[in-house]
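A.B. asks: What follows is the residue order along each chain.
Protein chains: 2
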Amino acid sequence: MSLLTVGTVAFDSIETPFGKVDKVIGGAATYISWAASYFYPDIQLVSVVGDDWPSDEIEAMNSRGIDTSGLQIRNGEKSFFWAGKYHEDMNTRDTLATELNVLDDFDPVLPENYQDSPYVMLGNLTPEIQMSVIRQMETRPKLIAMDTMNFWMDVAWDSLLKTIAEVDVLTINDEEARQLSGEFSLMKAARKIFELGPKYLVIKKGEHGALLFHKDEVFFAPALPLLEVQDPTGAGDTFAGGFMGYIAKTDDISFENMKKALIYGSAMASFCVEAFSLDKLQNIKAQELVDRMIQFKKLVHFEI
Amino acid sequence: MSLLTVGTVAFDSIETPFGKVDKVIGGAATYISWAASYFYPDIQLVSVVGDDWPSDEIEAMNSRGIDTSGLQIRNGEKSFFWAGKYHEDMNTRDTLATELNVLDDFDPVLPENYQDSPYVMLGNLTPEIQMSVIRQMETRPKLIAMDTMNFWMDVAWDSLLKTIAEVDVLTINDEEARQLSGEFSLMKAARKIFELGPKYLVIKKGEHGALLFHKDEVFFAPALPLLEVQDPTGAGDTFAGGFMGYIAKTDDISFENMKKALIYGSAMASFCVEAFSLDKLQNIKAQELVDRMIQFKKLVHFEI
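Protein chains in written order, with our numbering: chain A, 1 to 304; chain B, 1 to 304.
Hints in this document: simulated from the structure, not taken from any laboratory. Hints should not be assumed to be uniformly reliable.
Straight-line distance between alpha carbons at most 25 Å, and here's what the computed SDA-like set of lysine to any residue pairs gives [claimed, not checked]:
1. B/Lys23 <-> B/Met1
2. A/Lys298 <-> B/Ile294
3. A/Lys285 <-> B/Met187
4. A/Lys297 <-> B/Ile294
5. B/Lys78 <-> B/Asn91
6. B/Lys188 <-> A/His301
Here the structure is a predicted model, which is why all the values come from computation and not from measurement.
Bound conformation, chain A alone:
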């Protein structure tokens, strides 16, 4: 029983209205793995880095139960690098630099012990790489979740649709759901997207929360209003990691259980944005998570 995740492991340089950091730890799979590790002690990481990647970051992952035997380390090459600057509203950002480096010809290879993982989280990458991971699974996982973005809708529509057809849960933002479906109503968008293959749709709305759709049902997880928001980078990945980590822990893919998973994902994301990089995500105490879940409950609980 394990949770396999594939995605970037990267250096980020980030500027927000609340500060600036240079060449810090980032990447979708980094956020996903760390978030999931709070729920489940058996995470399998598939990614690639250069020899500039700090070995103590790998050791820290291993000590959290994250298996890095699927993390390729390329000698003489550099890790993926992304630089971005957030606008005043923190909801939009400009990409200042993207250096693919090792990611340019990344070909994921799944170690044998990864190939029967019941839970798979495909972080945002080219749909071809995501598909390659699915193809290498010996047994069909119980639940495959996939994150993607509008960029792939623009440049890789056909292979994106092929990959989407293979997964159970699709996670995208509201704008992307509208682009993918051609529908403005998110209820209608969900129905159209279910016709593409997925049985579950998670629509991430950043500071406005997240929606979970399944058949004719819909559930909403709010975002917690926070005193400090420093950096939204990785919030969506952290959310996905918490969501899938809780599902793997409970080994229960019922809609009722997924609701709880959505709230756990939102709680993890709320920690993520309170600090730059993984500064908070690597240091959450168990009691803090419990307290935050109670805050979420209080935020939306009412009697009629």
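Model the placement of chain B on the given structure of chain A, informed by the hints.
C.D. replies: Relative to chain A, chain B alone:
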């Protein structure tokens, strides 16, 4: 015991991606009164129209328990007119025409039986008109709520602050809360706004729901994902009308009761946007409202 409301009663011409209507019934006080009338049979309207305003609309209001003795009807003059076009995302719009007409020199006069109303809802208007209504109250109402917008922050800052200082509940959107407070975090914005006078802050986020702040507490009402959204015009006013109507009905200004009021307001707004003008708002069946409240409960209810 009554709920007094002041605001525009107007003709609107509206274009959205889903249709177009010309010179239909609109105005903040129209939406507020109709929404509140589903909860409370004693609403008092303060506004002004020209002799072009349809008398059957006034009769329809009266039959709902809306007292229109405070509605000035100016012979030989035209009612306020607004025309707008919504963008594809339905969250932003361009104003195509604003004809103040009777509103240009509107001086609200409260009939004597209005002056001891315990509940007051000040719809979006110049802060001076809102203040004039407060000044005409014989006894301090139990609860005064005030809606406003960024326009008054830009052109009437000082009188806006003076009016805000007199009210208990301020309703604005997230962007306006940030502009008014100078804070990005809505938690911090709420604290700053409480220093201006109000004890309660409602932040309206349209299709992303609404937040209610009081002291250190916060409650969130989601927006219901809908199959059909035709026209967002009046949704914020309908929300405010449902919110204040429920509070007037229950005569209970505890935070616990306000949570329910916030959900009722959201439920009313969800009906409003399903059709143009007041087409749906004037025709909601009691069972429809009950069913919708259950949908809101299911949307956010989870166990931890």
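A.B. asks: So, against the hints stated earlier in the document, which numbers end up violated here?
C.D. replies: The structure conflicts with hints 1, 5, although it agrees with all the remaining ones.
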